[in-house]
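Taking the hints as your guide, dock the two standalone chains into a single complex.
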Amino acid sequence: MLLQVKNLRCSHGNLEVVHGVSLHVRAGEIVGLLGANGAGKTSLLKSIIGLLPPRQGEIYIDGRPTCGQPAWRSISNATVLVPEGKMIFADLTVRENLLIGGYHNPDRALQLEVVLDRFPKLRERIHQLGGTLSGGEQQMLALGRALMARPKLLLLDEPSLGLAPLMVKEVFNEIRKMRDLGLTVLLVEQNVTGTLQVADRAYVMETGEITLEGEAADLLHNPEVKRAYLGKGGKETWL
Amino acid sequence: MNIFDHRYETMPRAELEQLQLERVQALLVRLKRNVRRAREKIGDARVESLADLARLPFTTPEDLVESFPYGLFALPMREVIRLHTTVGPQGRPLVIGHTRNDLAQWGRLVARQLVASGVTANDVVQMCFGGGVYGAAGYLFGAQVIEASVIAEDSAHVDYTIATLQNYRPTVLITTPGNALDLVTVMEQRRLDPQSLHLRTVLLSRPVDRETRERLAAGLFARVQCNFGLGEILNPGLCLECEAGHFHVHEDHFLAEVQEGELVLTTLCREALPLLRYRTRVTCELVRDKCACGRTGAMLRPGGRLDGRLRVNETPLYENQIADVLARTKAAGRPFSVSVLERRIVVSVEISDDLFADAVGLIEDLTREIESEFLVRLGIEADVRFISPWSHLHTEPGSDAGNAI
Chain A
1 MLLQVKNLRC SHGNLEVVHG VSLHVRAGEI VGLLGANGAG KTSLLKSIIG LLPPRQGEIY
61 IDGRPTCGQP AWRSISNATV LVPEGKMIFA DLTVRENLLI GGYHNPDRAL QLEVVLDRFP
121 KLRERIHQLG GTLSGGEQQM LALGRALMAR PKLLLLDEPS LGLAPLMVKE VFNEIRKMRD
181 LGLTVLLVEQ NVTGTLQVAD RAYVMETGEI TLEGEAADLL HNPEVKRAYL GKGGKETWL
Chain B
1 MNIFDHRYET MPRAELEQLQ LERVQALLVR LKRNVRRARE KIGDARVESL ADLARLPFTT
61 PEDLVESFPY GLFALPMREV IRLHTTVGPQ GRPLVIGHTR NDLAQWGRLV ARQLVASGVT
121 ANDVVQMCFG GGVYGAAGYL FGAQVIEASV IAEDSAHVDY TIATLQNYRP TVLITTPGNA
181 LDLVTVMEQR RLDPQSLHLR TVLLSRPVDR ETRERLAAGL FARVQCNFGL GEILNPGLCL
241 ECEAGHFHVH EDHFLAEVQE GELVLTTLCR EALPLLRYRT RVTCELVRDK CACGRTGAML
301 RPGGRLDGRL RVNETPLYEN QIADVLARTK AAGRPFSVSV LERRIVVSVE ISDDLFADAV
361 GLIEDLTREI ESEFLVRLGI EADVRFISPW SHLHTEPGSD AGNAI
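For the record, the sequence lines run as chains A and B. Residues in the first sequence are numbered from 1 upward in steps of one, following this note's numbering. Residues in the second sequence are numbered from 1 upward in steps of one, following this note's numbering.
The following block holds chain B by itself, in its conformation from the complex (with noise of 0.2 Å):
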């Protein structure tokens, strides 16, 4: 078995529950010292045994923009080396922090993943995100713990990504589902053999369904492994796809619950932002079985999103933000539903009957504006389609849960 840190990955639930004793207890010291939200909301809660953290306040998505941008840090703005950016409700911006240690221990859980997935020292890495994703970043920090060697470019194209898979021979592939498929796709239409490649392995950024994977393992004839993380706690780095392909949840350092069908976890290592149950906004179930793999963290399966964010070629979106940019057009305060197709996002705006009669130019304006608006203010490209007040039509939150994860 491929194992990074057999102490903490295979340790015994008993051990672990002590741990997390011991870690929650000290958080909320921490918590309670240092960060003056957090001392209002638990009061003199204190916690005895894990079943107590029951007892103890929930954070909130909306606790982390109300209190944006270091409200909820326990470390002063000195000791915080690195900001990551996400994005959190209606759109608002929520930033991350972390510490030297932080980040070191971002790395340590990432190589736990690489691990996992047979990566070794002796391998070449080749990571394949489009600029801006910060899960690059864990991805790095997780290949150096284990000394592998990274080609640090990030491919924005396709023909790259192919011109570097064969003069590099990276034998390992980290990258999204969507440049994945990109590949297999162009490696198809170009019949190029992906046993000429040298790839050993393919880790994409977020699950996929079964027949995305087989078609993967098929198109690049490679090992295909998922990971799952949430940028809010940490992306990749919350858990690990197994050889058996189970999701174990990192538990010696987040402390994971089910409440409602929603997965809450709390940090419990990190030192710049610590998150006490934490709510992700995630329906997940959580199994706490023996797995083949001798790993003792818990099985998380991910469901979808509870908030209706999409996401859109990887960037992450909600529908106020589309609310708010159609309002900056002329199609401002029409009703509007949304899709997402691939790398774009579908947007059908109704029209009143007399303005689809009279006025083709008008319409032609309206798309091109509503394109350019999206393009400009979310960086993703949209599809504009107009439709008659006939149609049955309303927007629908959550209705493309599934897409988010």
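Extracted from the complex, chain A is given alone in its bound form (with noise of 0.2 Å):
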């Protein structure tokens, strides 16, 4: 198991948003995690990447406990979130950005035109400020910018929030991609049906707590989950 979470608790100030949820990632997997609006889906994040010290429960990434670890450890953890709202360098240039995800990489410059490959509107622009990209252009940058850091284990916060269908697909597809990289993905989304079409399994969570667990395709299926994120019939797509 890549990650291991035990019975986490979390709450901000008195105010507990995650009560006892555990969840496991194993290496090579893409995990969602899919939950409506204040299921505590990004409080659970922000814990396990040390931004939000938990009230209880364990952390493991890769057997090591990194609970109570402050953020900026989790890159030797090889451990990097994008977080949810991109939270790009708007006055920085494209590849400024991406230098600062590779800070740590001392191959940055090597890793760079890996990523340049990867997400070629990146390299045309590459000289462009980064708040004067597209919604789903940024985007690709937050995910090139965590790519830098060549992470073994990478959170995913609503990548697709905000963004157009069509570049919601890319998003999707890119994420998709991260598989044959060897990537290991923990996925954070509203966005269900494309979730489970690219996770391997996924949690849904309610309220703090997580309600269902499975492979992603029986989760498609679930009565629970069609009703409550899919509206009559399940039929939504992301295409």
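Everything labelled a hint here was simulated from the structure, so no lab data went into it. Here the structure is a predicted model, which means the values were calculated and not measured. Every residue, glycine too, gets a C-beta built ideally from N, C-alpha and C. Any given hint could be a false lead.
[As the list claims (entries may be wrong)] Quick partial rundown of chain B residues pointing at chain A, CB under 8 Å, derived from the structure: (1) Glu15; (2) Glu17; (3) Ala26; (4) Arg100; (5) Ala104.
[Stated by the list, open to error] Here are a few chain A residues that face chain B, going by a calculated C-beta distance under 10 Å: (6) Met1; (7) Lys6; (8) Ile59; (9) Asp107; (10) Gly162; (11) Val204; (12) Leu219; (13) Asn222; (14) Pro223; (15) Glu224.
[What the hints assert, rightly or not] Far from chain B, by Cβ distances over 10 Å, these chain A residues were calculated: (16) Asn7; (17) Gly20; (18) Ser22; (19) His24; (20) Arg73; (21) Pro83; (22) Ala109; (23) Gln128; (24) Gly135; (25) Leu163; (26) Asn173; (27) Arg179; (28) Thr211; (29) Leu212; (30) Gly214; (31) His221.
This is the structure:
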């Protein structure tokens, strides 16, 4: 197991938002974490990366306990978070944004070429300021910036949020390709159909608790998932 | 090694326990949210490790009976696409619901057994259960998952089974031990050479002793494997018999414990009717040891029934059902004892000496009446014997428990 979380409880002040969650991700897997707004998904992710110290629980990355470690240490565990809303540096160029992502990577110049080959659009806009990119391109930049650190475990927080449908499709295709790179992905999303189509397994979170776990294909047909997220008949697609 | 689902069947123990913990936690949340009876019983109990499971309440067969038909279902009926019925304590009916996912998972679990038995997509599978055995559906789903050819015809008569074996040349026969033994007996009587059939594997719906297994293997010239399941949980699909002859529980789907010698199971993935710590009323031993087959699921050694349930011609039967049938006849209220002889039940009823002496015609009438009541009400054939009160006679609940499995 590359990531193991046991009985994690997180709170914002006195308000507990994650009530004893357990999950795991095997090396090379893409695992989805689904849930509506306010379910506690982002808090859980922040706890894993070290941005939100958990109240209780255990976190192991590659077998090493990381619970309570500061966020900046996560890079030594080869874990990178792509935060919600991209959080790129708007006043820096695409190249500078990418190089910041590879700050710890001594081979960043080499990795830059790898990333630019992977996202040709970023090469086209290499000297453009990050803030001038479209939403989809900014998301690609955020993904590219994460890849600059050559992570083993990638935590993606709602990468499809606020994107045009065509870009959503492209982002999910990129995530699917991460598997070929040998990356392990924990994908936090509200886009159920898209996530379940790229993920191997998924967890469904509601009000701070995991209510379902299973193979992605099974969850796609789970009545509770269909009713809660896909509307009647569950025919919504991300294409 | 023939392993269908490497990831789950050979999952390292640490990872399996993490998966079980996650699934139990999610199950508790679903039960608390969706099942009123479970919510009342569970209360605020939480599980932070598998050891905490001991603090959770049991579900008993009586709970299932009390909540009959749909009281423990965790989803609305419109999501339940299959209902199977079985018999619970006191012979009262139980209903097991399955959603689309439940059925898909059932198929994959049975496929594990079929693959372990060496069945492949190139095989032709014949099933021979006799009408109404719901396990046949599970084997059908499993065979479909591995894309084996299935002869979807349930031959009720042994002649027809032999004809099918000769005409369609199935390589795999899935059947009950009783049917398999009948087949061997008839083939021996007719001096049919089992090698002229093309059978490679015979899969039995329940465990048999070593002698029966050897007799069937010789009589059908095929490898014989057994299965073990429980109607309320899953039958087949609870566990598989590996090449080394051990029953491995599918521990990614069922959390198995032994409480006072009784097998207690928690369904981890079932959507329609999830059961928390279900007391199966079956004795067993669980061994978590390394197996030569490479599977990591706990090895189960099933024992007898704890509730005195009998099995007559694959039909589960409780003692009070027998008493109820007798109560409808002129033998009402008389002491009786029962035993199982092959596919029939032998009912010994105590009658008074004067009846023995005076009324042979009366006894014949009573015999006919009892036999017909058993056939009509329970669908089983009965041999009725009358004995005098001087014989030492009493009913022995559980005396035939070994027969039940």
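### Message
Name the hints, by number, that the structure is in violation of.
### Response
2, 8, 9, 10, 16, 17, 18, 19, 28, 29, 30, 31
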